[in-house]
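2 protein chains.
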Amino acid sequence: MKKPLILLTNDDGITAPGLRSLIAFMKEIGEVVVVAPDSPQSGMGHAITIDNTLYSKRVIIDKEKGAPIEYSCSGTPADCVKLGLQEILDRRPDIVVSGINHGSNASINVIYSGTMSAAIEAGIEGIPAIGFSLCDYGWDADFSKCKEFVQKIVIQALNYGIPKGTVLNVNIPKAAQQIPKGIKVCRQAKANWKEKFDKRISPTGKEYYWLTGKFELLDKGEDTDQFALSQGYVSVVPTQFDLTAHHTIQTINNWNLNE
Amino acid sequence: MKKPLILLTNDDGITAPGLRSLIAFMKEIGEVVVVAPDSPQSGMGHAITIDNTLYSKRVIIDKEKGAPIEYSCSGTPADCVKLGLQEILDRRPDIVVSGINHGSNASINVIYSGTMSAAIEAGIEGIPAIGFSLCDYGWDADFSKCKEFVQKIVIQALNYGIPKGTVLNVNIPKAAQQIPKGIKVCRQAKANWKEKFDKRISPTGKEYYWLTGKFELLDKGEDTDQFALSQGYVSVVPTQFDLTAHHTIQTINNWNLNE
Numbered sequence: 001m002k003k004p005l006i007l008l009t010n011d012d013g014i015t016a017p018g019l020r021s022l023i024a025f026m027k028e029i030g031e032v033v034v035v036a037p038d039s040p041q042s043g044m045g046h047a048i049t050i051d052n053t054l055y056s057k058r059v060i061i062d063k064e065k066g067a068p069i070e071y072s073c074s075g076t077p078a079d080c081v082k083l084g085l086q087e088i089l090d091r092r093p094d095i096v097v098s099g100i101n102h103g104s105n106a107s108i109n110v111i112y113s114g115t116m117s118a119a120i121e122a123g124i125e126g127i128p129a130i131g132f133s134l135c136d137y138g139w140d141a142d143f144s145k146c147k148e149f150v151q152k153i154v155i156q157a158l159n160y161g162i163p164k165g166t167v168l169n170v171n172i173p174k175a176a177q178q179i180p181k182g183i184k185v186c187r188q189a190k191a192n193w194k195e196k197f198d199k200r201i202s203p204t205g206k207e208y209y210w211l212t213g214k215f216e217l218l219d220k221g222e223d224t225d226q227f228a229l230s231q232g233y234v235s236v237v238p239t240q241f242d243l244t245a246h247h248t249i250q251t252i253n254n255w256n257l258n259e
Numbered sequence: 260m261k262k263p264l265i266l267l268t269n270d271d272g273i274t275a276p277g278l279r280s281l282i283a284f285m286k287e288i289g290e291v292v293v294v295a296p297d298s299p300q301s302g303m304g305h306a307i308t309i310d311n312t313l314y315s316k317r318v319i320i321d322k323e324k325g326a327p328i329e330y331s332c333s334g335t336p337a338d339c340v341k342l343g344l345q346e347i348l349d350r351r352p353d354i355v356v357s358g359i360n361h362g363s364n365a366s367i368n369v370i371y372s373g374t375m376s377a378a379i380e381a382g383i384e385g386i387p388a389i390g391f392s393l394c395d396y397g398w399d400a401d402f403s404k405c406k407e408f409v410q411k412i413v414i415q416a417l418n419y420g421i422p423k424g425t426v427l428n429v430n431i432p433k434a435a436q437q438i439p440k441g442i443k444v445c446r447q448a449k450a451n452w453k454e455k456f457d458k459r460i461s462p463t464g465k466e467y468y469w470l471t472g473k474f475e476l477l478d479k480g481e482d483t484d485q486f487a488l489s490q491g492y493v494s495v496v497p498t499q500f501d502l503t504a505h506h507t508i509q510t511i512n513n514w515n516l517n518e
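If you're matching them up, the sequences are chains B and U in order.
Using the working numbering, the first residue of the first sequence is number 1, and each one after it goes up by one.
Using the working numbering, the first residue of the second sequence is number 260, and each one after it goes up by one.
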């Protein structure tokens, strides 16, 4: 049987340990090609490079443990997927896998996530796609406990196919000692970030800000990704890119905008 | 009666004619404060500035026709909304209005749109929000025919309130001679972009790409934003930031990921 072709990308950059771990896990399942940003792109959301040039070159990051084919790209995660599909791969991949992100993309974080935007970009193109994140921001995070779960979810996605118009947002709890208890399919928890701007003065006297914030969970449901993670489970949220709030169309129609 | 407080932003930059028109339209309805990017941010999706500094300063773009309070910001549209809400405004705005974008944000474009990410950012904070776009990419686009529709939709949103968890994505057809026929509440059309990378060589011999693409409508429905626009109507899509594909949770559960 032909091995599945797996396109990998991420948003922490091509040298990030989370991606290097993912490459190792995926090489046991299929033929792996990497197209990933040449620098960190966290918080890039679904940005694409329109009015600027895009550089890309073949690289060797780790001859032994790396993928046979790796390209770095000056663009965003969504750019990497577009470039991979159109310019680098000579056939359609069987799946696009993004991550493993250093830090949570559960709940409202999916909106800001470069990791997930790469998966969504592939989904828009009709290709099965999954974004993986470990809820540990550290560069030295331990990805080894993710292996079993990442491989299982990718294999089942290849077996069953992901429902059309959907990509998977998978988050793995930070577990210092133990491995996750299991996998839960969830909905995205309602939450937001309470921003705080840290205002400072530059050496030349200019005011500037650092954006900081505190995650605020607004959801007591036990069917959410945040709840699953808090209980030590891996969360899987099927995520769609039809953003229509179908249930509110009638409400807006009642505004009688044409009278 | 107290005038509503309206926070304006956009993604084409604070000097863009689309925003300058929006300011004029909104000054007839409420008290207007502008916080907008100091340079174009098209295609920025829901990017935010995490690992970089953010500059912002009060500016006067047009003393007569401008807003009484305007700030430019070095960040993305989503940054502008965060900064406006947390640092610049002394009370919660009654509505956040983003645009008027130079170019369509209908259909799948909503995913890449900085204009809509600003509206979504406000929606996440629980503030009513609308993104407006004119389907004309020209810097010299004629925004005058938008006035009636933009004002009507904002006034009704202030009157009725926008359903929770929802923001409005409004697109206005390019109409050389005539004004739009009316307003239709729609769903987001299924579509994607067929990318083409234009590969070139820099003067120093480096390969680089320009991302180009062709919009490909994959949807024959007559209840979509693309259809409404093609018929000369303004499209209004209620847009949500709960990305959960609730209808597919059971399907993924059938994968038996815990066996």
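Read the hints as simulated data drawn from the structure, not as lab findings.
The C-beta atom is built at its ideal place from N, Cα and C for all residues, glycine as well.
Mixed in with the good hints, there may be bad ones.
As the list claims (entries may be wrong) - Anything over 10 Å on all C-beta distances counts as not near chain B; from chain U, calculated:
1. Glu290
2. Lys449
3. Glu454
Claimed, not checked - Covered stretches of chain B, as calculated for chain U (at least 3 residues, CB under 8 Å):
4. 18–31
5. 130–144
6. 208–219
Hint by hint, here is what the structure shows:
Non-interface call for glutamate 290 of chain U relative to chain B: holds, since the shortest CB-CB distance, roughly 23 Å, exceeds 10 Å. Distance check for lysine 449 of chain U against chain B: the nearest CB is about 7 Å away, which does not clear 10 Å, and the non-interface claim fails. Residue placement check: glutamate 454 of chain U does not keep its beta carbon more than 10 Å from all beta carbons of chain B (closest about 5 Å). Counting residues of the stretch 18–31 of chain B whose beta carbon lies closer than 8 Å to any beta carbon of chain U gives 0, which falls below the threshold of three, so the coverage claim is violated.
Requiring three or more residues with a Cβ within less than 8 Å of a Cβ of chain U, the coverage given for the stretch 130–144 of chain B is violated, as only 0 such residues are present. With 4 residues bearing a CB less than 8 Å from a CB of chain U, the stretch 208–219 of chain B meets the requirement of three and the coverage assertion stands.
When each numbered hint is compared with the structure, violations occur for hints 2, 3, 4 and 5.
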